[in-house]
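Asker: Line order of the protein sequences matches chains A and B.
Numbered as in my numbering, the first sequence ends at 682 without a single skipped number.
Numbered as in my numbering, the second sequence ends at 682 without a single skipped number.
Just so you know, these hints were derived from the structure itself, not from any lab.
None of these values were measured; they are calculated from a predicted model.
Do not take every clue at face value.
Pairs count within a copy or across copies, as identical chains cannot be separated in the list.
[Unchecked claim] Mimicking SDA-like on lysine to any residue, the simulated pairs with C-alpha atoms at most 25 Å apart in a straight line are: (1) LYS398 - ARG664; (2) LYS579 - ARG403; (3) LYS524 - ARG491; (4) LYS640 - PRO396.
There are 2 protein chains.
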Amino acid sequence: MKPVQELLQGSRRALARLITLVENSDPRKEELLRQLFPHTGKAYLIGITGPPGAGKSSLVNRLLGAMRKDGFTVGVIAVDPTSPFTGGAILGDRIRMQDHALDQGVFIRSMGTRGSLGGLSRATREAVQVMDAFGKDFIIIETVGVGQSEVDIVKTADSTAVVLTPAGGDSVQTIKAGIMEIGDLFVINKFDLPGAERTAAEVNMMLDLKEESGWRPPVLPVVSLYGEGVAELWRALLEHRRYLQQHGLFEARRRRRAEGELGELVEFLVKSRVWENIRTQISLEQLVESIALRRRDPYSAARELLRQIKFPF
Amino acid sequence: MKPVQELLQGSRRALARLITLVENSDPRKEELLRQLFPHTGKAYLIGITGPPGAGKSSLVNRLLGAMRKDGFTVGVIAVDPTSPFTGGAILGDRIRMQDHALDQGVFIRSMGTRGSLGGLSRATREAVQVMDAFGKDFIIIETVGVGQSEVDIVKTADSTAVVLTPAGGDSVQTIKAGIMEIGDLFVINKFDLPGAERTAAEVNMMLDLKEESGWRPPVLPVVSLYGEGVAELWRALLEHRRYLQQHGLFEARRRRRAEGELGELVEFLVKSRVWENIRTQISLEQLVESIALRRRDPYSAARELLRQIKFPF
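Generate coordinates for the entire structure from the input sequences, incorporating the hints supplied.
Answerer: If you want it as structure tokens, here you go:
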């Protein structure tokens with residue numbers, strides 16, 4: 370495929386086009402990813418997650434500065450699963466990262482939900498592969514850390530930073546419960562706000578309660594508005610990378626990612642074929658009607674559908 | 370099944386046990402739901418959603434008071450997808466609704482994420498069915514409104530109230546984009562906070578921009594802490610119900626729900642069988658290893674796996 374050659378030769382336009390192609394589930398996608406695959410695996414993936422309003426985009430903007438100063442190229446995928454219908458905050462993300470809009474060493478891409486969240490997770494993985502093949506040293510996946518599916522998206526990163534802000538009411542508490550387990554680093558952003566020390570202490574206490582040997586996630590004070598603490602965050606990320614590599618954990622994470630990817634694809638392929646089969650062979654309408662009228666329960670209806678599907682596909 | 374008889378006779382203990390059985394995917398689940406199905410379809414489902422910290426649980430607590438005063442029985446399912454790993458805020462939810470802990474006409478149940486979010490959505494639907502068969506007049510599904518999957522959960526409700534709070538920074542803005550489309554009613558909770566009028570005006574403006582005929586979602590000021598505006602919310606919910614019934618939309622929503630349910634079950638059954646088949650027939654390890662080592666791309670690996678599966682199951 371011509372765009373593949375262009376991508377491997379460093380064309381940013383090809384990069385943008387191929388990500389769009391992947392995102393739109395273009396029929397050429399599978400062949401494209403197959404061709405790119407041998408060129409992937411070199412980029413280091415950083416997950417950035419946290420509740421809405423934690424200042425993740427501004428933090429990424431600052432982090433990009435630190436990474437670029439060290440001469441690394443970076444791709445950013447800003448995932449916005451809070452927008453299942455509209456474009457939502459996507460434009461906002463881009464604006465917050467605009468310091469790097471003209472920098473050739475940075476490529477920023479926003480992704481909203483199209484179709485199911487499983488689809489978003491797959492689209493994100495595949496966009497990562499395209500950026501990886503393009504040759505980015507680091508790829509940042511930024512996503513709102515609420516709900517299992519967003520957790521799944523960042524879970525595949527090599528290092529994940531969880532961004533929190535000083536506690537205001539119960540909301541931070543609520544969210545913390547869900548994402549404490551996936552953080553390799555914790556950032557307390559907006560550290561100039563009241564309650565920051567207490568939030569940091571709370572997170573440290575939670576981390577100390579976990580009886581785990583090995584890497585102890587650092588809790589880092591940051592004020593991304595002024596860039597304070599960002600250099601330390603960048604150093605901590607590099608340190609975590611070193612730790613994974615020295616302890617043979619890097620490969621384990623990659624294997625887990627491969628496993629997740631394979632599982633996701635198998636399910637996706639099976640589901641697609643089942644629906645294709647149903648669409649062309651079976652009339653759903655009557656079945657749906659009979660459930661709505663309580664004449665038939667959903668489980669027996671589903672089993673009857675499956676019986677009518679022609680296997681092997 | 371004995372507990373089914375007990376449930377239909379009004380045993381709260383049977384209700385609790387059967388929801389647990391459903392939640393744990395007990396092998397008897399399918400048969401149980403089949404037996405309950407003819408007794409379902411009578412309850413009216415109310416979805417309550419909004420960002421973390423919007424005060425949804427306190428609002429539900431107040432709403433329960435209004436509903437009980439009118440003599441209706443109510444079931445509440447508080448879905449907490451922010452806790453993929455721990456129990457999280459579940460205890461907190463129960464505490465916030467404890468006004469009704471001893472009321473025999475109210476049954477409150479919290480559900481956290483176990484396994485996938487698809488699983489949570491299914492478990493919620495099925496818990497609704499159990500409560501419905503038990504005879505609750507109304508069932509409230511309360512969930513954090515971020516991410517497609519949470520949206521999916523409330524989308525199946527007959528009436529959905531989206532709970533917002535006076536805008537503080539960009540977070541409310543971010544969330545609003547995702548859940549504006551599913552609200553039949555909008556609640557501006559904590560209306561005594563600064564910026565409340567502006568938030569209400571913003572929401573009204575957004576709603577006016579949508580060129581839609583039919584039901585215009587009301588925007589309701591509420592201070593759930595003091596119970597202000599809760600009676601109006603309850604009246605608006607009843608009014609929306611009347612509207613759906615008078616315009617023949619009620620049946621359409623039910624049909625859509627049946628369709629979603631059927632689709633979800635078909636996918637679930639297919640997926641389960643595929644994994645069962647893979648687990649017993651095929652060694653995944655080598656395939657995963659070859660992907661991790663970049664010897665084989667995930668798509669061809671997935672397709673090879675599918676070829677090895679014995680169809681029909």
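Asker: For every hint, state whether the structure bears it out.
Answerer: Quick rundown of the hints versus the structure:
no., hint, verdict
1, LYS398 - ARG664, "between (43 Å within a copy, 19 Å between copies)"
2, LYS579 - ARG403, "neither (41 Å within a copy, 42 Å between copies)"
3, LYS524 - ARG491, "both (13 Å within a copy, 23 Å between copies)"
4, LYS640 - PRO396, "both (17 Å within a copy, 23 Å between copies)"
Violated hint for the displayed structure: number 2, the only one.
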